[in-house]
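Model the full assembly from the supplied sequences, consistent with the hints where possible.
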Amino acid sequence: MLLQIKDSGELIKIVNVQELIDPTVESIQAQEQRGQEEQSPESYQKESLVFPSGENLPRCWVDANYRNAKAS
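Heads up: the sequence shown begins at 1364 in our numbering, then just goes up one per residue.
Hints in this document: simulated from the structure, not taken from any laboratory. Since the structure is predicted, the reported quantities are computational estimates derived from the model, not experimental observations. The C-beta atom is built at its ideal place from N, Cα and C for all residues, glycine as well. Just to be clear, a hint being listed does not mean it is correct.
Claimed, not checked - Across the chosen pairs, the derived CB separations fall in these ranges:
# : residue 1 : residue 2 : range
1 : GLU1373   : PRO1421   : 15 to 23 Å
2 : GLN1381   : PRO1415   : 18 to 26 Å
3 : ARG1430   : ARG1397   : 34 to 42 Å
4 : ASP1426   : GLN1399   : 30 to 38 Å
5 : GLN1402   : ASP1370   : 29 to 37 Å
What the hints assert, rightly or not - Taking lysine to any residue and the SDA-like style, the derived pairs with C-alpha atoms no more than 25 Å apart in a straight line are:
#  : residue 1 : residue 2
6  : LYS1376   : ASN1431
7  : LYS1409   : SER1371
8  : LYS1369   : GLN1392
9  : LYS1409   : VAL1378
10 : LYS1409   : LEU1365
11 : LYS1369   : ASN1428
12 : LYS1369   : ARG1422
13 : LYS1409   : ASN1428
14 : LYS1376   : VAL1388
15 : LYS1369   : THR1387
16 : LYS1369   : GLU1401
17 : LYS1376   : PRO1415
18 : LYS1376   : CYS1423
19 : LYS1376   : ARG1397
20 : LYS1409   : GLU1373
21 : LYS1376   : GLN1392
22 : LYS1376   : GLN1394
23 : LYS1376   : ARG1430
24 : LYS1376   : ARG1422
25 : LYS1376   : SER1403
26 : LYS1369   : GLU1395
27 : LYS1376   : VAL1413
28 : LYS1409   : THR1387
29 : LYS1369   : ILE1384
30 : LYS1369   : GLU1382
31 : LYS1409   : TRP1424
32 : LYS1369   : ARG1397
33 : LYS1376   : GLU1410
34 : LYS1409   : ALA1427
35 : LYS1409   : GLN1392
Next up, the structure:
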């Protein structure tokens, strides 16, 4: 799965999708998508990521208390 870094617009490939959808995990391992060689995984904060379309990640992926918090 590919996501985009909000600030730079660079694409990253998620190493473990289970980390991504777990709302208790704040940072995930991913690889930058540049050049033809596979890049080493790095840590990225979920709050700095969006889908390539520009949409934010689902709240249930980033907030463990999403069911208890009031909708904004």
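Hint check:
1. GLU1373 x PRO1421: 15 to 23 Å: holds, 21 Å
2. GLN1381 x PRO1415: 18 to 26 Å: Holds - the Cβ-Cβ distance for GLN1381 and PRO1415, about 20 Å, lies within 18 to 26 Å.
3. ARG1430 x ARG1397: 34 to 42 Å: 38 Å Cβ-Cβ, so the 34 to 42 Å window holds.
4. ASP1426 x GLN1399: 30 to 38 Å: holds, 37 Å
5. GLN1402 x ASP1370: 29 to 37 Å: For GLN1402 and ASP1370 the Cβ distance comes to about 18 Å; the hint is violated.
6. LYS1376 x ASN1431: Outside the cut-off at roughly 31 Å; violated.
7. LYS1409 x SER1371: holds, 14 Å
8. LYS1369 x GLN1392: At roughly 16 Å apart (the allowed maximum being 25 Å), GLN1392 and LYS1369 satisfy the hint.
9. LYS1409 x VAL1378: holds, 13 Å
10. LYS1409 x LEU1365: holds, 13 Å
11. LYS1369 x ASN1428: Given that 25 Å is the threshold and the Cα spacing comes to 23 Å, the pair holds.
12. LYS1369 x ARG1422: Holds: LYS1369 and ARG1422 sit about 16 Å apart, inside 25 Å.
13. LYS1409 x ASN1428: Roughly 16 Å between the alpha carbons, so the hint for LYS1409 and ASN1428 holds.
14. LYS1376 x VAL1388: Roughly 17 Å between the alpha carbons, so the hint for LYS1376 and VAL1388 holds.
15. LYS1369 x THR1387: Distance of about 21 Å is within 25 Å: holds.
16. LYS1369 x GLU1401: This hinted pair holds, its Cα atoms lying about 22 Å apart.
17. LYS1376 x PRO1415: The given pair, whose Cα atoms are some 11 Å apart, holds under the 25 Å limit.
18. LYS1376 x CYS1423: holds, 20 Å
19. LYS1376 x ARG1397: OK: LYS1376 and ARG1397 at ~10 Å, within 25 Å.
20. LYS1409 x GLU1373: It holds: about 14 Å lies between the C-alpha atoms, which stays within 25 Å.
21. LYS1376 x GLN1392: At roughly 9 Å apart (the allowed maximum being 25 Å), GLN1392 and LYS1376 satisfy the hint.
22. LYS1376 x GLN1394: holds, 5 Å
23. LYS1376 x ARG1430: Measuring from Cα to Cα gives roughly 28 Å; hence the hint is violated.
24. LYS1376 x ARG1422: holds, 20 Å
25. LYS1376 x SER1403: holds, 11 Å
26. LYS1369 x GLU1395: Given pair LYS1369, GLU1395 holds - Cα atoms ~13 Å apart, limit 25 Å.
27. LYS1376 x VAL1413: Holds. LYS1376 to VAL1413 sits at ~12 Å (cutoff 25 Å).
28. LYS1409 x THR1387: Satisfied, since the Cα-Cα distance of roughly 11 Å is no more than 25 Å.
29. LYS1369 x ILE1384: holds, 18 Å
30. LYS1369 x GLU1382: Distance ~19 Å between LYS1369 and GLU1382 Cα, so the pair holds.
31. LYS1409 x TRP1424: It holds: about 9 Å lies between the C-alpha atoms, which stays within 25 Å.
32. LYS1369 x ARG1397: Holds - the C-alpha atoms of ARG1397 and LYS1369 are around 16 Å apart, at most 25 Å.
33. LYS1376 x GLU1410: Holds: LYS1376 and GLU1410 sit about 16 Å apart, inside 25 Å.
34. LYS1409 x ALA1427: Cα-Cα ~13 Å, so holds.
35. LYS1409 x GLN1392: Roughly 10 Å separates the two Cα atoms, so the pair holds.
Violated hints, listed in ascending order, are 5, 6 and 23; each of the other numbered hints is respected by the structure.
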